[in-house]
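**Q** Residue numbers (the numbering used here), protein chains in the order written: chain A, 66 to 319; chain B, 66 to 319; chain C, 566 to 866; chain D, 566 to 866.
Accuracy of the hints is not assured; some may be wrong.
[Claimed, not checked] As a list, the in silico DSSO-like pairs of lysine-lysine whose alpha-carbon atoms are at most 30 Å apart:
no., chain 1, residue 1, chain 2, residue 2
1, B, 67, D, 850
2, A, 144, C, 697
3, A, 314, D, 718
4, B, 306, C, 697
5, C, 613, C, 697
6, A, 67, C, 613
7, B, 306, C, 741
8, A, 144, C, 595
9, B, 67, C, 677
10, B, 314, C, 810
11, C, 810, B, 299
12, A, 314, D, 845
13, C, 839, B, 67
14, D, 595, A, 314
15, B, 67, D, 613
16, B, 67, D, 842
17, D, 854, A, 67
18, D, 810, A, 67
19, D, 677, A, 299
20, B, 144, D, 697
21, D, 613, B, 144
22, B, 248, C, 595
23, B, 144, D, 715
24, B, 128, B, 159
25, D, 845, C, 697
26, A, 67, D, 850
27, A, 127, A, 67
28, A, 306, D, 850
29, C, 595, B, 299
30, B, 67, C, 613
31, D, 613, A, 306
32, A, 162, A, 144
33, D, 810, D, 718
34, B, 128, B, 162
35, C, 595, B, 193
36, B, 295, C, 613
37, C, 595, B, 314
[Said to hold, decoys possible] Label pairs and their in silico Cβ distance ranges:
no., chain 1, residue 1, chain 2, residue 2, range
38, A, 205, D, 845, 26 to 32 Å
39, A, 70, B, 67, 57 to 63 Å
40, D, 719, A, 252, 37 to 43 Å
Just so you know, these hints were derived from the structure itself, not from any lab. The beta-carbon is built from N, C-alpha and C at its ideal position, and this holds for glycine as well.
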Amino acid sequence: MKMYRVVEIERIRQEARNVKTFRFADDSSPLPGQFYMIWIPGVDEFPMSISYTGALKGFTVKKIGRGTSRMHDLEPGDKIWIRGPYGRGFHIDKRRKSLVVGGGSGMATLGPLIEEIKGDVIIAARTKEELIFTERFSHLNPWIATDDGSAGFKGYATDLARKLVEEREYDIIYACGPEQMIKGLVDLAFERDIDIQVSLERLMKCGIGICDSCSINGYRVCVDGPVFFKEELKNMDELGKVRRGWSGKREVVR
Amino acid sequence: MKMYRVVEIERIRQEARNVKTFRFADDSSPLPGQFYMIWIPGVDEFPMSISYTGALKGFTVKKIGRGTSRMHDLEPGDKIWIRGPYGRGFHIDKRRKSLVVGGGSGMATLGPLIEEIKGDVIIAARTKEELIFTERFSHLNPWIATDDGSAGFKGYATDLARKLVEEREYDIIYACGPEQMIKGLVDLAFERDIDIQVSLERLMKCGIGICDSCSINGYRVCVDGPVFFKEELKNMDELGKVRRGWSGKREVVR
Amino acid sequence: MLYVEINGIGFHNPLILASGILDESGDTMKRIASLGAGGLVTKSVGIKERQGYPNPVIYELPNGMGLLNAIGLANPGIDSFEEEIHLALDSGVPVIGSIFGADEEEFAYLAKKMEEYGVNAVELNLSCPHAKGYGMEIGVDPDLVESIVKEVKGRVNIPVWAKLTPNTHRIVEIAKSAENADALVLINTVKGMVIDVDARMPVLSNGFGGLSGPCIKPIGVRAVYEVSSEVDVPVIGVGGITTGKDVLEYIMAGAMAVEIGTAIYLRGIDVFRKIEKELKDWLLKNEIKSITELVGVAQRR
Amino acid sequence: MLYVEINGIGFHNPLILASGILDESGDTMKRIASLGAGGLVTKSVGIKERQGYPNPVIYELPNGMGLLNAIGLANPGIDSFEEEIHLALDSGVPVIGSIFGADEEEFAYLAKKMEEYGVNAVELNLSCPHAKGYGMEIGVDPDLVESIVKEVKGRVNIPVWAKLTPNTHRIVEIAKSAENADALVLINTVKGMVIDVDARMPVLSNGFGGLSGPCIKPIGVRAVYEVSSEVDVPVIGVGGITTGKDVLEYIMAGAMAVEIGTAIYLRGIDVFRKIEKELKDWLLKNEIKSITELVGVAQRR
Ligand SMILES: Cc1cc2nc3c(=O)[nH]c(=O)nc-3n(C[C@H](O)[C@H](O)[C@H](O)COP(=O)(O)OP(=O)(O)OC[C@H]3O[C@@H](n4cnc5c(N)ncnc54)[C@H](O)[C@@H]3O)c2cc1C
Ligand SMILES: Cc1cc2nc3c(=O)[nH]c(=O)nc-3n(C[C@H](O)[C@H](O)[C@H](O)COP(=O)(O)OP(=O)(O)OC[C@H]3O[C@@H](n4cnc5c(N)ncnc54)[C@H](O)[C@@H]3O)c2cc1C
Ligand SMILES: Cc1cc2nc3c(=O)[nH]c(=O)nc-3n(C[C@H](O)[C@H](O)[C@H](O)COP(=O)(O)O)c2cc1C
Ligand SMILES: Cc1cc2nc3c(=O)[nH]c(=O)nc-3n(C[C@H](O)[C@H](O)[C@H](O)COP(=O)(O)O)c2cc1C
Ligand code: FES
Ligand code: FES
């Protein structure tokens with residue numbers, strides 16, 4: 066039961082090509098991994114992870130379509146409507162040595178988590194211009210991976226992760242990003258017997274667990290997730306394969 | 066916002082001719098002077114003051130018409146439906162020397178009050194057989210008045226009250242009973258410059274302040290009362306004169 | 566900032582007491598005016614005294630959702646109502662006399678009487694959901710609605726308001742058939758029932774009742790939105806208004822003013838004052854000079 | 566104790582998942598059955614794939630009163646739905662295929678397809694309040710309702726349920742016109758609107774939506790009470806059921822079973838299990854052997 070409230074954008078920061086962070090004040094108390102529904106009246110409503118918790122909260126938004134494009138046109142002083150926080154966030158155990166893997170805008174979701182754990186961070190993107198939060202987490206010396214090698218490791222985040230996992234000891238992997246990346250990391254975790262928690266994205270209509278549009282193998286990403294645990298991922302055979310379009314029809318995950 | 070709950074009658078006591086007390090458990094916390102609406106499904110719903118507070122609560126009911134007659138037929142183990150507590154109770158200041166005047170079933174309302182104050186109590190009725198709570202409060206040595214002199218002082222409660230007020234010092238009068246008696250006591254209080262609080266009765270439909278059937282000079286007995294204070298009584302020119310019938314039509318108070 | 570005019574009658578704010586809630590007694594109405602109401606609609610009055618239904622006549626819904634009632638059009642009859650009207654008029658705010666009848670003739674007679682008593686307007690109750698032969702049973706028949714409105718209009722000189730029911734799929738059609746009236750009032754209560762499971766019977770003595778309060782607000786807003794764009798007379802919104810924002814919702818949907826009832830139960834008898842303050846604060850913050858600027862702004866054009 | 570039979574189909578409890586809530590995907594339906602539902606109604610499916618309305622399609626009412634939604638009959642189209650039905654049937658509980666169409670022919674075609682897919686019954690959605698040309702627009706016309714039911718009945722051998730709208734004053738008339746069906750389902754959502762005052766526009770992209778949840782329960786109970794005494798077929802109650810007592814209210818009003826949707830949002834996906842326990846506890850305490858004993862006991866005779 067979370068009703069709309071209007072919040073004012075206080076600061077905006079360009080994080081990368083097509084990615085901006087919007088800071089605003091709101092007195093909800095989200096956990097890392099939780100999300101909100103953002104409504105831009107007359108335009109669209111869409112889910113967005115919290116990328117900064119605390120008093121001055123943040124959304125870090127990649128420009129994708131109608132809603133996110135209009136969001137990118139906003140300026141400080143403009144308003145957005147939000148409801149939330151929703152969903153199940155990460156379960157964090159500070160004692161465990163963690164490997165955090167963020168692909169593309171998936172880093173947005175991981176931001177608040179990284180502030181609470183100890184371990185290594187991989188920031189990945191297709192190319193240098195799309196890396197986000199490299200400055201925010203520069204004190205952690207994050208590993209960088211780009212598909213085209215324009216910065217850091219040349220190759221997929223999964224490849225870098227496999228290398229690190231082979232060289233170092235981790236208790237758990239936390240991941241968010243493109244679904245193929247997540248699928249690769251889940252396989253890796255089972256293979257190497259490491260714990261894992263991943264945050265998934267699906268098309269969302271309601272955000273409150275009743276419309277079934279975000280469901281994957283009977284789990285609702287909006288309420289049962291977006292963060293899923295290893296036991297649940299075991300039999301999630303739609304991961305990286307099937308999702309639902311706006312009509313509810315099955316689609317292939319790119 | 067008080068919903069119906071079913072309570073079981075645990076004990077019944079014949080208090081006087083046509084008056085019985087019904088004891089039941091309910092976890093509401095009424096103040097002296099507050100009332101409940103009692104529903105007997107298929108029969109009637111009517112207001113009733115709380116006559117015993119605490120864990121084993123009580124209603125002390127005079128048989129008047131359809132609803133109260135059916136109530137008198139109930140036996141231990143039978144159930145009634147109640148909602149409440151409602152209304153404004155007495156404002157009690159234990160330091161003040163009080164004169165409590167209860168006429169007829171008006172004593173029901175005053176029972177819980179008497180347990181909390183110090184001072185004198187007048188129990189009045191038309192005749193000996195209609196006196197109630199003489200045993201309950203025997204330790205307080207209550208004054209008794211009967212219209213026919215069959216017990217105690219012969220005459221109206223107001224006459225006895227006037228006598229006491231003239232002989233003794235009181236800070237406040239608390240009263241409940243027939244409206245003519247109340248009217249007399251209000252006049253007495255103004256005349257002798259004593260404070261007064263009275264509990265009024267009016268026909269009640271809703272009990273929650275919206276139907277206007279219980280109103281007296283713009284005050285709703287169910288919400289603004291049933292207990293009224295001296296300031297409010299000052300200009301209450303309908304007291305002892307006008308009330309409303311079931312249709313809302315003005316009637317003369319007997 | 567809050568002043569509105571409807572049919573030439575000025576209201577110092579658009580917050581009018583709804584029919585049937587604390588408006589049987591002139592003194593109570595006066596008190597409500599003194600506590601901030603911009604206008605008063607009386608209890609619906611008929612030709613003859615009517616006892617209404619036996620208790621229980623009201624049920625409190627859980628979680629502040631509102632009430633279910635079946636008072637049953639209890640009223641003292643038009644002949645005994647003059648005194649109450651005079652007291653209400655003493656308050657200084659406009660008084661609208663609500664009436665219910667079984668046919669054109671009864672409505673016209675009652676309206677005439679109300680006019681004689683001095684009310685500023687009459688409101689035709691074409692919408693009570695729980696009284697046999699009255700209200701909603703009449704109010705879902707467009708022809709009958711049209712002819713009642715016509716008859717009353719022909720007999721009195723004061724403005725005539727028609728109060729309509731939401732318990733129909735053809736609310737726009739009925740609104741149009743009542744367009745001869747000077748204003749339309751939407752909505753009356755929504756027909757409902759609550760059963761007490763332990764008693765194994767409906768709670769209200771009448772079985773059926775009318776829902777009011779927050780649970781019907783989206784139905785009222787919808788009705789005002791649907792109707793106000795289709796008719797040329799002012800629409801007055803009713804149903805579940807409890808806060809200043811609720812008033813704005815109705816105004817933005819297309820209402821010129823609102824009526825308020827159940828909120829008295831939820832927030833106390835001084836609720837008009839509270840809502841007035843909430844409205845003013847919002848208008849100030851949003852730099853709106855007159856609430857009339859907002860009428861219908863949520864309508865799609 | 567909770568077993569009921571409707572049209573010869575056995576339900577281990579009378580708690581059926583309502584159409585449109587978590588029943589687009591066969592896996593989700595299976596999960597809900599494993600969490601206690603006695604039966605499953607699928608999302609309403611039409612001839613062609615339909616995107617429905619853009620977001621926002623849902624609004625959360627305050628104080629747990631329920632939801633306002635305008636999904637807009639989004640669905641993958643009947644041809645893509647076979648796989649979901651098969652998965653749902655895996656659950657072992659009866660599966661009812663909900664369908665919507667624009668005319669007799671569409672309904673009959675869809676029903677036939679559903680029958681081929683193996684569903685235990687079909688439910689005709691004659692009642693969605695917010696989609697142009699479908700649902701309620703059809704469901705308030707008694708003649709059309711009658712001929713749709715007749716056409717479908719003539720084309721399939723499985724039981725046919727007709728789901729009706731409460732957004733009309735002639736619900737009993739419509740129920741009678743649908744009596745050719747094997748069961749009636751009451752009610753679909755109630756037409757409503759919420760305006761965001763700060764945005765100055767309706768929240769839902771479609772403007773209008775359908776109310777569900779506790780705020781409509783008294784409307785649903787009333788509809789079941791009104792209809793069940795006038796028809797000879799079983800009535801299935803829907804609308805705002807959230808607790809065991811709510812189920813009993815509908816059963817006592819005359820329903821043989823109930824459907825549950827919005828309660829999943831209010832109490833979690835295991836709400837069927839919770840309600841089942843509440844029901845059992847009440848029946849035990851009141852020494853009732855079978856819930857069927859209570860059907861219609863609140864009806865006045
Ligand atoms: C729980 C959750 C958290 C998210 N957090 C973030 C975040 O922190 N930062 C961020 O940049 N993005 C995030 N996203 C993704 C974001 O919601 C989408 O980018 C947004 O909905 C696009 O809206 P739009 O109106 O701009 O695009 P639209 O015009 O609606 O769509 C553009 C295209 O993108 C596709 N699309 C839209 N949403 C999704 C989706 N959820 N999954 C797959 N495809 C989709 C559409 O089908 C279409 O092809 C999150 C999504 C979820 C489910
Ligand atoms: C706040 C309040 C507290 C009360 N507390 C008590 C109490 O503790 N003990 C007690 O015995 N009684 C009390 N009463 C009175 C009690 O409510 C009535 O006796 C009861 O309503 C009668 O119901 P019935 O169905 O038996 O009578 P009905 O059959 O409904 O009526 C019988 C006759 O009594 C008249 N009558 C009914 N109620 C009232 C009333 N409230 N005022 C005036 N005339 C009335 C009717 O008009 C009718 O003439 C209280 C009333 C109020 C308003
Ligand atoms: C107890 C009660 C009595 C009512 N009596 C009447 C009436 O006599 N005439 C009428 O037109 N409406 C009557 N109504 C309906 C209200 O005027 C109003 O339309 C409805 O309650 C919705 O507004 P609300 O939610 O602000 O109460 C009554 C409502 C209640 C709760
Ligand atoms: C999000 C949502 C989608 C719905 N979709 C459908 C639908 O496709 N077909 C249908 O017949 N009813 C649909 N309904 C109505 C429900 O089946 C049900 O009749 C209504 O919600 C009342 O029950 P509830 O209060 O238990 O939710 C939908 C309801 C909701 C909330
Ligand atoms: S978005 Fe509707 S169930 Fe998840
Ligand atoms: S009993 Fe209804 S206002 Fe007091």
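**Q** Now tell me if each hint is right for this structure.
**A** To see whether the hints hold, each was checked on the structure:
1. B/67 to D/850: 24 Å, holds
2. A/144 to C/697: 51 Å, violated
3. A/314 to D/718: 29 Å, holds
4. B/306 to C/697: Cα-Cα ~35 Å, so violated.
5. C/613 to C/697: 15 Å, holds
6. A/67 to C/613: Violated: residue 67 of chain A and residue 613 of chain C sit about 50 Å apart, past 30 Å.
7. B/306 to C/741: 48 Å, violated
8. A/144 to C/595: 43 Å, violated
9. B/67 to C/677: 42 Å, violated
10. B/314 to C/810: 37 Å, violated
11. C/810 to B/299: 39 Å, violated
12. A/314 to D/845: 38 Å, violated
13. C/839 to B/67: Distance ~23 Å between residue 839 of chain C and residue 67 of chain B Cα, so the pair holds.
14. D/595 to A/314: 18 Å, holds
15. B/67 to D/613: Between residue 67 of chain B and residue 613 of chain D the Cα gap is close to 50 Å, so the pair fails against 30 Å, i.e. violated.
16. B/67 to D/842: 25 Å, holds
17. D/854 to A/67: 41 Å, violated
18. D/810 to A/67: OK: residue 810 of chain D and residue 67 of chain A at ~26 Å, within 30 Å.
19. D/677 to A/299: 38 Å, violated
20. B/144 to D/697: Answer violated: residue 144 of chain B to residue 697 of chain D is near 51 Å, above 30 Å.
21. D/613 to B/144: Violated, at roughly 57 Å.
22. B/248 to C/595: With a Cα-Cα distance of about 24 Å, the restraint between residue 248 of chain B and residue 595 of chain C holds, given a limit of 30 Å.
23. B/144 to D/715: With a Cα-Cα distance of about 49 Å, the restraint between residue 144 of chain B and residue 715 of chain D is violated, given a limit of 30 Å.
24. B/128 to B/159: At roughly 33 Å apart (the allowed maximum being 30 Å), residue 159 of chain B and residue 128 of chain B break the hint.
25. D/845 to C/697: 39 Å, violated
26. A/67 to D/850: 37 Å, violated
27. A/127 to A/67: At roughly 25 Å apart (the allowed maximum being 30 Å), residue 67 of chain A and residue 127 of chain A satisfy the hint.
28. A/306 to D/850: This hinted pair is violated, its Cα atoms lying about 50 Å apart.
29. C/595 to B/299: 18 Å, holds
30. B/67 to C/613: Between residue 67 of chain B and residue 613 of chain C the Cα gap is close to 34 Å, so the pair fails against 30 Å, i.e. violated.
31. D/613 to A/306: Holds. Residue 613 of chain D to residue 306 of chain A sits at ~24 Å (cutoff 30 Å).
32. A/162 to A/144: This hinted pair is violated, its Cα atoms lying about 40 Å apart.
33. D/810 to D/718: Violated. Residue 810 of chain D to residue 718 of chain D sits at ~34 Å, over the 30 Å cutoff.
34. B/128 to B/162: Judged against 30 Å, a Cα distance of about 33 Å means the pair is violated.
35. C/595 to B/193: It is violated: about 45 Å lies between the C-alpha atoms, which goes past 30 Å.
36. B/295 to C/613: Violated, at about 38 Å.
37. C/595 to B/314: At roughly 18 Å apart (the allowed maximum being 30 Å), residue 314 of chain B and residue 595 of chain C satisfy the hint.
38. A/205 to D/845: 26 to 32 Å: Since the Cβ atoms of residue 205 of chain A and residue 845 of chain D sit about 54 Å apart, the hinted range of 26 to 32 Å is violated.
39. A/70 to B/67: 57 to 63 Å: 31 Å, violated
40. D/719 to A/252: 37 to 43 Å: Because 54 Å falls outside the window, the suggested range is violated.
Checked against the numbered hints above, the structure breaks hints 2, 4, 6, 7, 8, 9, 10, 11, 12, 15, 17, 19, 20, 21, 23, 24, 25, 26, 28, 30, 32, 33, 34, 35, 36, 38, 39, 40 and satisfies the rest.
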